[in-house]
Amino acid sequence: MKDDTPTSMSALVPLESLLDKPVRPRVNIEALRDKLAAGRGPAFWRTLEEAAETEEMTEYIEQEFPGLSGQIPQGVDRRSLLKVMAASLAMAGAAACTKQPKELIVPYVRQPENIIPGTALFYATAMTTGGYARGLLVESHLNRPTKAEGNPDHPASLGATTIFEQASILNLYDPDRSQTVMQTGRMSTWGNFTAS
Amino acid sequence: MAVVTLAASTLGVAYMADRGSWTTSVRDAPEQPIPFSHKHHVKDDGIDCRYCHGGVETSRFAGLPPTETCMTCHSQIWNNVAMTQPIRDSWTSGKSIEWTRVHDLPDFVFFNHSIHVNKGIGCSTCHGQVNEMPLMYKVNTLFMNWCLECHRDPAQFIRPRSEVFNIDYKYPPNQAELGPQLVKEYHVQSLTDCVTCHR
Numbered sequence: 001m002k003d004d005t006p007t008s009m010s011a012l013v014p015l016e017s018l019l020d021k022p023v024r025p026r027v028n029i030e031a032l033r034d035k036l037a038a039g040r041g042p043a044f045w046r047t048l049e050e051a052a053e054t055e056e057m058t059e060y061i062e063q064e065f066p067g068l069s070g071q072i073p074q075g076v077d078r079r080s081l082l083k084v085m086a087a088s089l090a091m092a093g094a095a096a097c098t099k100q101p102k103e104l105i106v107p108y109v110r111q112p113e114n115i116i117p118g119t120a121l122f123y124a125t126a127m128t129t130g131g132y133a134r135g136l137l138v139e140s141h142l143n144r145p146t147k148a149e150g151n152p153d154h155p156a157s158l159g160a161t162t163i164f165e166q167a168s169i170l171n172l173y174d175p176d177r178s179q180t181v182m183q184t185g186r187m188s189t190w191g192n193f194t195a196s
Numbered sequence: 001m002a003v004v005t006l007a008a009s010t011l012g013v014a015y016m017a018d019r020g021s022w023t024t025s026v027r028d029a030p031e032q033p034i035p036f037s038h039k040h041h042v043k044d045d046g047i048d049c050r051y052c053h054g055g056v057e058t059s060r061f062a063g064l065p066p067t068e069t070c071m072t073c074h075s076q077i078w079n080n081v082a083m084t085q086p087i088r089d090s091w092t093s094g095k096s097i098e099w100t101r102v103h104d105l106p107d108f109v110f111f112n113h114s115i116h117v118n119k120g121i122g123c124s125t126c127h128g129q130v131n132e133m134p135l136m137y138k139v140n141t142l143f144m145n146w147c148l149e150c151h152r153d154p155a156q157f158i159r160p161r162s163e164v165f166n167i168d169y170k171y172p173p174n175q176a177e178l179g180p181q182l183v184k185e186y187h188v189q190s191l192t193d194c195v196t197c198h199r
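These protein sequence lines are chains F and Z, in that order. Quick note, the first sequence lines up with residues 1 to 196 if you use the numbering used here. Quick note, the second sequence lines up with residues 1 to 199 if you use the numbering used here.
Accuracy of the hints is not assured; some may be wrong.
[Said to hold, decoys possible] Beta-carbon label-pair distances, calculated as ranges:
hint, chain 1, residue 1, chain 2, residue 2, range
1, Z, Arg50, F, Leu81, 58 to 64 Å
2, F, Lys147, Z, Gln156, 53 to 59 Å
3, F, Glu139, Z, Thr141, 52 to 58 Å
4, F, Asn171, Z, Ser21, 44 to 50 Å
5, Z, Ala176, F, Asn171, 19 to 25 Å
6, F, Arg79, Z, Gln156, 39 to 45 Å
To be clear, the hints were calculated from the coordinates, so they are not data collected in a lab. Glycine included, each C-beta is placed from N, C-alpha and C at the ideal position.
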């Protein structure tokens with residue numbers, strides 16, 4: 001007895017059909033190499049088959065994406081480039097119509113004395129090089145140091161710094177910065193550096 | 001042709017949308033952790049702007065009050081109602097109250113409150129009559145052309161220093177004479193170089 005009504009799940013989808021995938025056409029690699037070596041192939045390709053521009057390839061594309069094979073770009077012509085440019089320019093205007101993102105203000109619970117948000121505080125401190133201290137004034141915003149300059153009232157500085165004091169601020173924020181003197185990739189000492 | 005028409009109309013719509021309240025957020029009161037009323041605190045209670053916005057005369061940022069400032073009153077009054085609960089939560093937990101910024105300039109603009117306040121530009125000139133706002137919103141776009149309206153001719157908007165924090169200040173009928181006089185007296189410059197604000 002033949003009945004079209006499915007009686008089980010297997011009857012809904014013939015399993016064999018799942019195995020019946022389109023066969024990828026074989027590409028003659030040797031011929032392709034010759035072609036490319038002679039500089040006759042397309043300038044850009046996504047697959048070797050596309051590069052080969054074979055009859056089988058065109059057929060394969062038609063089979064996979066019906067109606068598309070004729071539209072595979074073979075270079076961009078001036079007219080279509082201008083169309084795309086005009087459209088993206090017009091849309092660029094639309095994209096600018098947006099609100100500013102929400103921003104929070106997070107005030108202190110207990111505001112520390114002397115701190116006025118938006119203004120800097122300057123702390124007098126010192127930094128040693130080879131055992132000698134140089135007086136510094138460090139600019140600080142909400143307790144975050146941002147700039148080191150010499151302290152005009154300090155006799156060893158008189159307001160000036162060297163490159164080491166200027167760069168010292170980076171030690172606080174750049175974890176990749178060397179923590180010690182290095183010589184050919186190995187840790188060394190400041191004494192070795194000055195002696196060499 | 002169609003592309004040109006589309007581009008032109010899109011730009012036109014974009015321009016209108018760009019100046020509308022949806023994008024500028026003018027008169028748009030965002031939700032806040034506490035429905036804080038400037039109308040109540042400024043108009044009914046008569047609290048000065050600087051009691052909470054203490055940095056306005058010395059800093060670029062007017063400042064928002066720390067929880068401690070709220071607690072100066074609200075540890076004593078309205079200290080058991082749900083509306084002020086976030087203040088007490090902040091005070092006991094040590095975690096800040098997170099307010100949504102209403103007047104938000106782009107990050108490429110350097111604005112300084114103190115210079116404006118010290119040269120005779122009143123709070124209400126830019127912020128409007130906050131003593132009439134139950135919830136905070138902005139009355140001006142804060143767009144560059146709006147800034148330039150005053151930067152090109154500060155005499156229109158300047159007021160005596162003594163009136164800067166007077167939220168109900170009305171420009172006198174003789175502003176046309178008083179303005180230039182105050183501009184001269186306070187040494188106000190008409191700064192319209194790009195680098196004045198975009199450094």
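Hints, one by one, checked against the model:
1. Z/Arg50 - F/Leu81: 58 to 64 Å: holds (60 Å)
2. F/Lys147 - Z/Gln156: 53 to 59 Å: Violated - the Cβ-Cβ distance for lysine 147 of chain F and glutamine 156 of chain Z, about 39 Å, lies outside 53 to 59 Å.
3. F/Glu139 - Z/Thr141: 52 to 58 Å: violated (34 Å)
4. F/Asn171 - Z/Ser21: 44 to 50 Å: Holds: the Cβ-Cβ distance is about 48 Å, inside 44 to 50 Å.
5. Z/Ala176 - F/Asn171: 19 to 25 Å: violated (58 Å)
6. F/Arg79 - Z/Gln156: 39 to 45 Å: Violated, since arginine 79 of chain F and glutamine 156 of chain Z (Cβ atoms, about 53 Å apart) do not stay within the stated range.
Hints 2, 3, 5, 6 from the list above are not met by this structure, while the remaining hints are.
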